[in-house]
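Q: For the protein sequence lines, the chains are Y and L, in the order given.
The opening position of the first sequence corresponds to residue 1 in this note's numbering, with each subsequent residue numbered one higher.
The opening position of the second sequence corresponds to residue 1 in this note's numbering, with each subsequent residue numbered one higher.
Think of the hints as simulated: they come from the structure by calculation, not from any bench.
Each hint should be verified, as a subset may be incorrect.
As the list claims (entries may be wrong) - Straight-line Cα separation of at most 30 Å, DSBU-like style, residue types lysine-lysine; simulated pairs:
no.	chain 1	residue 1	chain 2	residue 2
1	L	K378	L	K580
2	Y	K216	L	K27
3	Y	K183	Y	K106
4	L	K108	Y	K225
5	L	K124	Y	K321
6	L	K117	L	K198
Listed below, chain by chain, are the residues.
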Amino acid sequence: MLKLFKNLGKKELLFVIISIGFICVQVFLDLKIPDYMQKITTLVETSGTTKEIIVQGLYMLGCALGSLLTSVIVSFLATYIASKFGEATRKIVYRKVLGFSMEEIKDFSVSSLITRTTNDVGQIQMLISFGLQALIKAPIMAVFAISKIAGKNMQFSMLTFIAVILLLILITVIILTVIPRFKIVQKLTDNLNRITRENLTGIRVVRAFNAEEYQKNKFNEANSKLTNTQLFNQRVMGIMNPFMSLMMSSLTLGIYFVGSMLINQSDMASKLTIFSDMVVFSSYAIQVIMSFMMLVMIFLIYPRASVSANRIREVLETTNKIQDGTHVKGKEIGTVEFKNVSFKYPDADEYMIKNVSFKAKKGETVAFIGGTGSGKSTLINLIPRFYDVTEGEILVDGVNVKDYHLNSLHEKLGYVPQKAVMFAGSVAENVSYGEAKEKISKKDIEKAIEVSQAKEFVSKMDNGIDSFIARGGTNVSGGQKQRLGVARAISRHPEIYIFDDTFSALDYETDLKLRRELKKYTKDATTLIVASRVGTIIEADKIIVLENGEVVGMGTHEELLKNCDVYYEIARSQLSEEELA
Amino acid sequence: MNRRRGRNFEKPKDFKKAMINLFTYLKPYMLFLIIATILAGVGSVFSIIGPDKIKEITNLIISGLTTKINLSEIKRIAIFLITIYLIGAILVYIEHFIMATVTNRFSKKLRSEISEKINKLPLKYFDKTPYGDILSRVTNDVDTMSQTVNQSIGTFVSSLTLLVGSIFMMFYTNYILAITAILSSLFGFLFMSIVLSKSQKYFMEFQEELGNLNGQIEETYTGHNIVKVYNGFQKETKAFDDINNRMFQSAMKSHFFSGLMQPFMAFIGNFGYVAVCVVGSSLVINGTISFGVVIAFTIYARLFTQPLSQLAQVATSFQSAGAASERVFEFLKEEEMPSEDEIHNYLDKKEVVGNIEFKHVNFGYNDDRLIIKDFNAKAKAGSKIAIVGPTGAGKTTLVNLLMKFYDVTSGEILIDGIDIKNLTRENIHDLFIMVLQDTWVFEGSIYENIAYNKENVSLDKVREVAKTVGIDHVVKSLNKNYDTILSDNETLSAGEKQLLTIARGMIKNAPFLILDEATSSVDTRTEELVSKAMDKLTEGRTSFIIAHRLSTIKNADLILVLNEGNIIEQGTHEELLAKKGFYAKLYNSQFESVTK
Numbered sequence: 001m002l003k004l005f006k007n008l009g010k011k012e013l014l015f016v017i018i019s020i021g022f023i024c025v026q027v028f029l030d031l032k033i034p035d036y037m038q039k040i041t042t043l044v045e046t047s048g049t050t051k052e053i054i055v056q057g058l059y060m061l062g063c064a065l066g067s068l069l070t071s072v073i074v075s076f077l078a079t080y081i082a083s084k085f086g087e088a089t090r091k092i093v094y095r096k097v098l099g100f101s102m103e104e105i106k107d108f109s110v111s112s113l114i115t116r117t118t119n120d121v122g123q124i125q126m127l128i129s130f131g132l133q134a135l136i137k138a139p140i141m142a143v144f145a146i147s148k149i150a151g152k153n154m155q156f157s158m159l160t161f162i163a164v165i166l167l168l169i170l171i172t173v174i175i176l177t178v179i180p181r182f183k184i185v186q187k188l189t190d191n192l193n194r195i196t197r198e199n200l201t202g203i204r205v206v207r208a209f210n211a212e213e214y215q216k217n218k219f220n221e222a223n224s225k226l227t228n229t230q231l232f233n234q235r236v237m238g239i240m241n242p243f244m245s246l247m248m249s250s251l252t253l254g255i256y257f258v259g260s261m262l263i264n265q266s267d268m269a270s271k272l273t274i275f276s277d278m279v280v281f282s283s284y285a286i287q288v289i290m291s292f293m294m295l296v297m298i299f300l301i302y303p304r305a306s307v308s309a310n311r312i313r314e315v316l317e318t319t320n321k322i323q324d325g326t327h328v329k330g331k332e333i334g335t336v337e338f339k340n341v342s343f344k345y346p347d348a349d350e351y352m353i354k355n356v357s358f359k360a361k362k363g364e365t366v367a368f369i370g371g372t373g374s375g376k377s378t379l380i381n382l383i384p385r386f387y388d389v390t391e392g393e394i395l396v397d398g399v400n401v402k403d404y405h406l407n408s409l410h411e412k413l414g415y416v417p418q419k420a421v422m423f424a425g426s427v428a429e430n431v432s433y434g435e436a437k438e439k440i441s442k443k444d445i446e447k448a449i450e451v452s453q454a455k456e457f458v459s460k461m462d463n464g465i466d467s468f469i470a471r472g473g474t475n476v477s478g479g480q481k482q483r484l485g486v487a488r489a490i491s492r493h494p495e496i497y498i499f500d501d502t503f504s505a506l507d508y509e510t511d512l513k514l515r516r517e518l519k520k521y522t523k524d525a526t527t528l529i530v531a532s533r534v535g536t537i538i539e540a541d542k543i544i545v546l547e548n549g550e551v552v553g554m555g556t557h558e559e560l561l562k563n564c565d566v567y568y569e570i571a572r573s574q575l576s577e578e579e580l581a
Numbered sequence: 001m002n003r004r005r006g007r008n009f010e011k012p013k014d015f016k017k018a019m020i021n022l023f024t025y026l027k028p029y030m031l032f033l034i035i036a037t038i039l040a041g042v043g044s045v046f047s048i049i050g051p052d053k054i055k056e057i058t059n060l061i062i063s064g065l066t067t068k069i070n071l072s073e074i075k076r077i078a079i080f081l082i083t084i085y086l087i088g089a090i091l092v093y094i095e096h097f098i099m100a101t102v103t104n105r106f107s108k109k110l111r112s113e114i115s116e117k118i119n120k121l122p123l124k125y126f127d128k129t130p131y132g133d134i135l136s137r138v139t140n141d142v143d144t145m146s147q148t149v150n151q152s153i154g155t156f157v158s159s160l161t162l163l164v165g166s167i168f169m170m171f172y173t174n175y176i177l178a179i180t181a182i183l184s185s186l187f188g189f190l191f192m193s194i195v196l197s198k199s200q201k202y203f204m205e206f207q208e209e210l211g212n213l214n215g216q217i218e219e220t221y222t223g224h225n226i227v228k229v230y231n232g233f234q235k236e237t238k239a240f241d242d243i244n245n246r247m248f249q250s251a252m253k254s255h256f257f258s259g260l261m262q263p264f265m266a267f268i269g270n271f272g273y274v275a276v277c278v279v280g281s282s283l284v285i286n287g288t289i290s291f292g293v294v295i296a297f298t299i300y301a302r303l304f305t306q307p308l309s310q311l312a313q314v315a316t317s318f319q320s321a322g323a324a325s326e327r328v329f330e331f332l333k334e335e336e337m338p339s340e341d342e343i344h345n346y347l348d349k350k351e352v353v354g355n356i357e358f359k360h361v362n363f364g365y366n367d368d369r370l371i372i373k374d375f376n377a378k379a380k381a382g383s384k385i386a387i388v389g390p391t392g393a394g395k396t397t398l399v400n401l402l403m404k405f406y407d408v409t410s411g412e413i414l415i416d417g418i419d420i421k422n423l424t425r426e427n428i429h430d431l432f433i434m435v436l437q438d439t440w441v442f443e444g445s446i447y448e449n450i451a452y453n454k455e456n457v458s459l460d461k462v463r464e465v466a467k468t469v470g471i472d473h474v475v476k477s478l479n480k481n482y483d484t485i486l487s488d489n490e491t492l493s494a495g496e497k498q499l500l501t502i503a504r505g506m507i508k509n510a511p512f513l514i515l516d517e518a519t520s521s522v523d524t525r526t527e528e529l530v531s532k533a534m535d536k537l538t539e540g541r542t543s544f545i546i547a548h549r550l551s552t553i554k555n556a557d558l559i560l561v562l563n564e565g566n567i568i569e570q571g572t573h574e575e576l577l578a579k580k581g582f583y584a585k586l587y588n589s590q591f592e593s594v595t596k
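Sequences are here, hints too, so could you generate the full structure?
A: Here you go:
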């Protein structure tokens, strides 16, 4: 937690100190108020004039106003510091996450990273703003208040002390009982949510299996568990309020009762002193109790904030496994070479890719095919350095990818993933996304849209290429997104295209048209295609057949049909006998 | 992502109606609610009596200052007070206890009704409603409602009692001081309400920026690979910084204003105190009142300001509860699937012959556009029917109609000559094995996932089926075999999950079979293996197979080629190829080469 506070700038730290100063002033003023009350009391008792009382009243009011002003200032400073902290932390976390490679993202999972950037930062932000106002104030308040009443009267002090102890014991017991159950409630809520979500996503299955009753029983069980735990918590927490007010009222009563006995026992002279002490004491005692209770609040807030802080720290302390290189230029143009490349995921025992070597020359099309889990996608994800190879090396334009400045490496590539990604913005903005070697002109965009077979639907959209695409591309279909994804790659004239199973989301006809146009348009570019349909890659210059991460065949379609069993089996499952011949 | 609950500006469309709905629903608990509110009221009355008695003690002390204090009288009052305090605390606790019990029962019932409702709604409903929307009703909205009922009803009653009671006691004790106390507090509240209404727009701004920020983060984290490869880092961080800064600005303003509440309340309290003291003491000097009255009034002044701010909170809390209950009840009142009480036909799955006929079937998801137009087809018992066609041709829709997930707009679908209108959905579902494209697995063991909703399935049976679809060896490699819990952490790949759902279908025995792109996530070789298993499954069953990989359906008895809701061609694979029509084109486009 403390480490994160380093994100506060000098200005904010200065503000913290200033606000502590103001809090001191505020507490001082707050506690000054009972002093004036005492004076007023004495004045009334000694038959002072109304004017004198008004003067004291104005002093007291002045203090109250001063206290208001200082707390407004403190509130301003606290929210400023907290919000600034939130902004700064989010900024750092966001940059850190965007810099992550695929490996780190997968380790954390996207949804967890999102929570870490938003909710977790929010938790700490809350702690700061609450902390600056209440947590700092409480001890100052307690010290001031105790110093005011300390030594005044033993008996009254004892009473207050007992009340504080009793309250603290009760609160501690309640918190210790309830806090672990709060965590359970959170889990049970997640559980309930999950069951509901499962029912919703599987609604057709649930109905087809007549499993409504099954789901209902499952839900009811989770529901009962949640309800019972929550009920227990609330019943226990319910003790807090009535007990607190009971303690406070009893304390006042106790002070008055003891006071009256003391007054009776003492001599004439000190009677009045004890009396005014008694009146003031009753209000200071309440302040002392209140400040202790405020301190206890930290037990409620701190654990959550501390968990959040740890989750953020985890993100910030993760070292990025992919380190940037320095090379800006390659030695060749449009070549990709794998030299004995092996790869395994960090914690896995088994290699995903085993000893793969091949070279794609300028203008060539190299295709990868293989079953689910054969490693074909993993293989080409090594080129843009989503992951780094475990053994061997990958050369792009004759230079090891690890030596490139990442931006320079990426500028050479036109990568289109299996699942198209769209951003909120216009069609044109989506197509010309990011930074390219040269600025992407409107003409490039239009041409790219045409080649990728997206023109047909883009031109039907209300504003053509200026039409708006919603967040996540929810207003275009999957196939349309995929074509815009291809356009995005085309518009920047890359040396090397990488299609990671891009075409399987398209129907056969569009797939075919798109590839034809693309071939015409990008004669000089090198193309790497991962495919699951044989039809997509039949014409490739080189087809690499993968199984369990190993190359089991390499050659053209015709060659492979003859000499590669795996390829033949794949082809047979998709083509007719005559086409195989 | 959690929908952030609107802070204090979420308002129901029709507050009165929402409240009536809410309280009608609370009716079964009314007796307890009334008891609880009475307790809350009595508790408040007790806390009003308190200051009055303290006043008596003070007066006794003062009058005894010069002589002797009447200790026994003070003792009597003290004992009375402590009894009242104790009883008050107990009553308030009982009130809390009752309210907690009632609201938890209430929200439990609401939640399970929402959950049951999900399974009673027509599928049509889910086409237009996002899951997140329904989920947030089960949790957030029900929470908001129960919190309001739990805290606000009690608070409302006790605050009102306190307010009325303390005003009454003040006027009863001394009207001049009463007016002083009330005026001084009202002045403060007026000022505060002006400040708060001004701050409303900053709250809105804050919510909006929060939404933008979440959107930006979600988008770029999910599309991380593209951001990376297209060197979008600069662009995205700049966009993020902009939103982040705007968020800072609006958070600053809105939180600052909400932070003002507390100090203002304190000031109003102090202001009232001074006013009471000044006016009070001058009255004491005049001899109009005793000093004890002033002390009592300082407490009244606080008792009086406290419920005012609480009532304000109750009001906003009821507003958001109103909005939440509107959403919940709107959901609970959604039209359910038509009742089937009138249906008495029953097809025993052991006696079904297996003929299915579509007769002039028309169907559209909404009234203005038909997806299926005058569809006619016959499936003879035991035959294998394939349905092919481009995306959006209406293939899955046909299955939805057959399963009675949706009702036909016109025309009829006959199973063994009986119109499915005259069969219950449960009966129909019982007759079909259905395997879908989207692989649905739930958090539970692999065994539970395969033997879904079936009791007394032996592990051997499950293993046998798993072997047939070829995931037995995958399951064996997991550390707990069939007891392995499937969860988010991706124990199985998409293809393996698909095999699992096929296994789930296999374990159910029924005369009809529907495979809706059941093998789209597995590679073609695995698909071949599975299709062998499936061929076994189709034996003796009338089956419908939807596929976009045309290779899988070459051996179907009948291929229906769908385009825009119409059957444009039908026949066997060879017949259709010979026709050189739509199907042939679709089929051949797989192999046409790039350079042609």
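Q: Hints numbered earlier in the text: which of these fail when held up against the supplied structure?
A: The structure breaks hints 5, 6; every other hint is satisfied.
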